[in-house]
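Model the full structure from these sequences, guided by the hints.
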Amino acid sequence: MGQQVRGVIARAKGAPVETTTIVVPDPGPGEAVVAIKACGVCHTDLHYREGGINDDFPFLLGHEAAGVVESVGDGVTDVAPGDFVVLNWRAVCGNCRACLRGKPWYCFATHNATQKMTLADGTVLSPALGIGAFVEKTLVASGQCTKVDPSARAAAVGLLGCGVMAGIGAAINTGGVTRGDSVAVIGCGGVGDGAIAGAALAGATTIIAVDTDEQKLEWARGFGATHTVNARNDDVVAKIQDLTGGFGADVVIEAVGRPETYKQGFYARDLAGTLVLVGVPTPEMTIELPLLDVFGRGGALKSSWYGDCLPTRDFPMLTALYQQGRLDLDAFVSEEIALDQVEEAFAKMHTGGVLRSVVLF
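First residue of the sequence shown: 1, per UniProt numbering; consecutive thereafter.
A few of these clues could be false.
[What the hints assert, rightly or not] Only pairs whose alpha carbons sit at most 27 Å apart, straight line, appear in this in silico DSSO-like list of lysine-lysine:
#, residue 1, residue 2
1, 216, 302
2, 13, 116
3, 216, 239
4, 147, 37
5, 263, 239
6, 239, 147
7, 13, 348
8, 348, 302
9, 37, 348
[Unchecked claim] Estimated spans, in silico, between C-beta atoms of each pair:
#, residue 1, residue 2, range
10, 4, 102, 39 to 49 Å
11, 215, 123, 34 to 44 Å
12, 320, 4, 32 to 42 Å
13, 335, 230, 35 to 45 Å
14, 360, 294, 15 to 25 Å
15, 338, 55, 26 to 36 Å
16, 180, 344, 38 to 48 Å
17, 292, 151, 31 to 41 Å
Simulated from the structure, these hints should not be mistaken for lab results.
Predicted, not measured: the structure shown is a model, and the values here were computed from it.
Glycine included, C-beta positions come from ideal geometry on N, C-alpha and C.
Here it is as structure tokens:
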């Protein structure tokens with residue numbers, strides 16, 4: 001029969017979000033209903049509202065979430081009612097060519113719940129990143145639920161569901177940062193600071209944070225940056241080279257998703273260095289590079305999908321590091337807000353001053 005709960009939707013492109021009644025079906029085979037405890041306000045949610053992802057309005061927003069499994073459908077064995085979980089938007093299939101090659105983090109057939117959540121009048125909703133977690137309870141595929149330590153703070157570990165994981169994974173999983181490396185991170189929002197924290201965890205000894213906002217650069221130091229570069233005042237490439245003995249960084253992580261910052265990253269890396277793109281570009285963006293430079297500089301140009309993470313491996317491990325005091329997830333939480341304050345949180349993204357607003361239920 002399903003149940004009715006409160007949630008936040010984007011009804012039309014650019015329109016303010018609204019809090020309304022959402023109908024959540026009972027879980028079918030392979031599905032789970034999760035009572036949300038906390039959900040971060042990610043820039044991707046704003047992209048959905050602005051029509052930057054697609055035009056499948058209305059959207060049920062929210063995806064960086066932690067909660068408690070309330071019920072499960074037939075055939076679900078990986079989670080059970082009462083489990084504390086972090087939600088992910090890439091439930092792996094186990095059967096595609098990537099999974100069968102032992103690389104499930106590249107799964108080419110990730111999936112979400114089959115049934116649809118709706119408005120009270122029956123209008124079908126598109127859940128953001130297949131989750132939709134600005135809502136008291138949501139319906140997901142059971143594979144989107146990863147069990148973690150139930151004593152962990154929901155507002156903090158929920159952020160592993162997207163931005164923080166994307167950044168940490170870009171450094172450790174995609175970039176392969178290791179002991180003694182030099183790393184430059186261009187763009188110090190939630191994803192960029194996650195990359196800085198990941199580089200610090202991996203043992204990088206020089207970590208250079210690049211941004212145009214002094215407040216963000218100060219936050220970056222708190223996550224492990226050893227040096228900062230204000231791109232408004234300095235030549236980014238020259239400064240990174242200067243801070244790395246004239247060579248450039250071993251790994252550069254571009255967390256903005258723009259052609260000009262990607263080019264900076266390309267030339268700011270050492271010969272045979274690695275450039276990782278984790279910032280999300282828009283469809284119309286293009287880039288042009290001299291092919292001889294691509295050949296002559298060697299190394300690797302990589303894109304990072306969700307930090308190339310495997311939730312069942314990475315979420316519990318990172319939660320354990322957080323519980324041990326080795327990964328300060330609390331520092332990502334700038335404020336805790338109510339469900340009806342999501343629109344205000346979007347406005348703060350434009351003015352700065354917050355790293356993550358987190359909705360508490």
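Is the Cα-Cα distance between residue 216 and residue 302 27 Å or less? Judged against 27 Å, a Cα distance of about 25 Å means the pair holds.
Residue 13 paired with residue 348 [C-alpha distance capped at 27 Å]: holds (19 Å)
Verdict for residue 215, residue 123 (Cβ pair) under range 34 to 44 Å: holds (40 Å)
Starting from the range 26 to 36 Å, see whether the pair residue 338 and residue 55 falls in it by beta-carbon distance. At 29 Å between Cβs, range holds.
C-beta pair residue 292, residue 151: status relative to the range 31 to 41 Å that was hinted: violated (55 Å)
Would you mind confirming whether the straight-line C-alpha gap from residue 147 to residue 37 stays at or under 27 Å? holds (14 Å)
Honestly, do residue 320 and residue 4 meet the 32 to 42 Å range at C-beta? holds (37 Å)
Are the Cα positions of residue 37 and residue 348 separated by 27 Å at most? Answer holds: residue 37 to residue 348 is near 22 Å, not above 27 Å.
Could you check the hint for me, namely that residue 335 and residue 230 are 35 to 45 Å apart, CB to CB? violated (25 Å)
Residue 4 paired with residue 102, Cβ distance criterion 39 to 49 Å: For residue 4 and residue 102 the Cβ distance comes to about 43 Å; the hint holds.
For the pair we were handed, residue 216 and residue 239, check the Cα-Cα distance against 27 Å. With a Cα-Cα distance of about 18 Å, the restraint between residue 216 and residue 239 holds, given a limit of 27 Å.
Does the structure keep residue 263 and residue 239 at a Cα separation of 27 Å or less? holds (15 Å)
Hint compliance for this structure: hints 6, 8, 13, 14 and 17 are broken, all remaining hints hold.
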